[in-house]
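Asker: What follows is each chain in one-letter form.
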Amino acid sequence: DAKTTQPPSMDCAEGRAANLPCNHSTISGNEYVYWYRQIHSQGPQYIIHGLKNNETNEMASLIITEDRKSSTLILPHATLRDTAVYYCIVRARFQTGANNLFFGTGTRLTVIP
Amino acid sequence: EADIYQTPRYLVIGTGKKITLECSQTMGHDKMYWYQQDPGMELHLIHYSYGVNSTEKGDLSSESTVSRIRTEHFPLTLESARPSHTSQYLCASSESDSYNEQFFGPGTRLTVL
Chain A
5 DAKTTQPPSM
15 DCAEGRAANL
25 PCNHSTISGN
35 EYVYWYRQIH
45 SQGPQYIIHG
55 LKNNETNEMA
65 SLIITEDRKS
75 STLILPHATL
85 RDTAVYYCIV
95 RARFQTGANN
105 LFFGTGTRLT
115 VIP
Chain B
483 EADIYQTPRY
493 LVIGTGKKIT
503 LECSQTMGHD
513 KMYWYQQDPG
523 MELHLIHYSY
533 GVNSTEKGDL
543 SSESTVSRIR
553 TEHFPLTLES
563 ARPSHTSQYL
573 CASSESDSYN
583 EQFFGPGTRL
593 TVL
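Just so you know, the protein sequences line up as chains A and B, in that order.
All residue numbers for the first sequence refer to this note's numbering, where the first residue is 5 and numbers rise by one.
All residue numbers for the second sequence refer to this note's numbering, where the first residue is 483 and numbers rise by one.
Since the hints were derived computationally from the structure, they do not count as laboratory data.
Among the clues, some could well be false.
The calculated DSSO-like cross-link candidates involving lysine-lysine, where the alpha carbons are at most 27 Å apart (straight line), are [as the list claims (entries may be wrong)]:
| hint | chain 1 | residue 1 | chain 2 | residue 2 |
| --- | --- | --- | --- | --- |
| 1 | A | K56 | A | K7 |
| 2 | B | K499 | A | K7 |
| 3 | B | K539 | B | K513 |
| 4 | B | K500 | B | K513 |
| 5 | B | K499 | B | K539 |
| 6 | A | K7 | B | K513 |
DEER-style ranges, computed between Cβ atoms [as the list claims (entries may be wrong)]:
| hint | chain 1 | residue 1 | chain 2 | residue 2 | range |
| --- | --- | --- | --- | --- | --- |
| 7 | A | N34 | B | Y532 | 37 to 45 Å |
| 8 | B | L493 | A | S29 | 37 to 45 Å |
| 9 | B | I495 | A | E62 | 36 to 44 Å |
| 10 | A | M14 | B | P521 | 18 to 26 Å |
| 11 | B | I495 | A | N58 | 47 to 55 Å |
| 12 | A | N23 | B | D485 | 43 to 51 Å |
| 13 | B | G498 | A | S29 | 45 to 53 Å |
| 14 | B | I495 | A | S45 | 16 to 24 Å |
In this text, a Cβ means the ideal position worked out from N, Cα and C, and glycines have one as well.
Take these sequences, add in the hints, and give me the full structure.
Answerer: Written out as structure tokens, the structure is:
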């Protein structure tokens, strides 16, 4: 699995867009970018994933650079309930063997009232 | 909303007791997983299953055991609990063709005195 680098923490004002960056310069051609988040004391929650095109769902948008070496998760209108640790994971979609999702340390996003 | 359930949510128990943590999902997913997470630390895969009668150990060695007799049910058992087993245990599941889009339960926070 390609290694990812995320800032350890970020703040965002409530109602504003939260842009969470992730570097994955060693990503290979068959690897997708996945985003999860974990709100304090709860289980992780899948947010979105993409290969090379930008993706949008009801929770967020994912922007992947053309060279695929970095991506940005965008929460368009952050609320206090979006305060969580956000994890960027790079992994081949169909992977044999142990299915460990390596969550790393992620970015702790704090939404400020 | 993901339909995956864990019971109990919190458990405080004495050393030497046998415990079973329950995990059930109603999504018909073939793959199920158990992760262990200490506060503020990374998730570690301890067990996973590809389907009924399939169980495998994960990346982190664990004294716990699991069983998969029914698709929807993946219980985890500790024969003799010790203080070192104190942690949060998270259950997850995914569809057969998608290892990386995992749906997590709320977790069981175990404290062994």
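Asker: What hint numbers does the structure not satisfy?
Answerer: 2, 7 and 12
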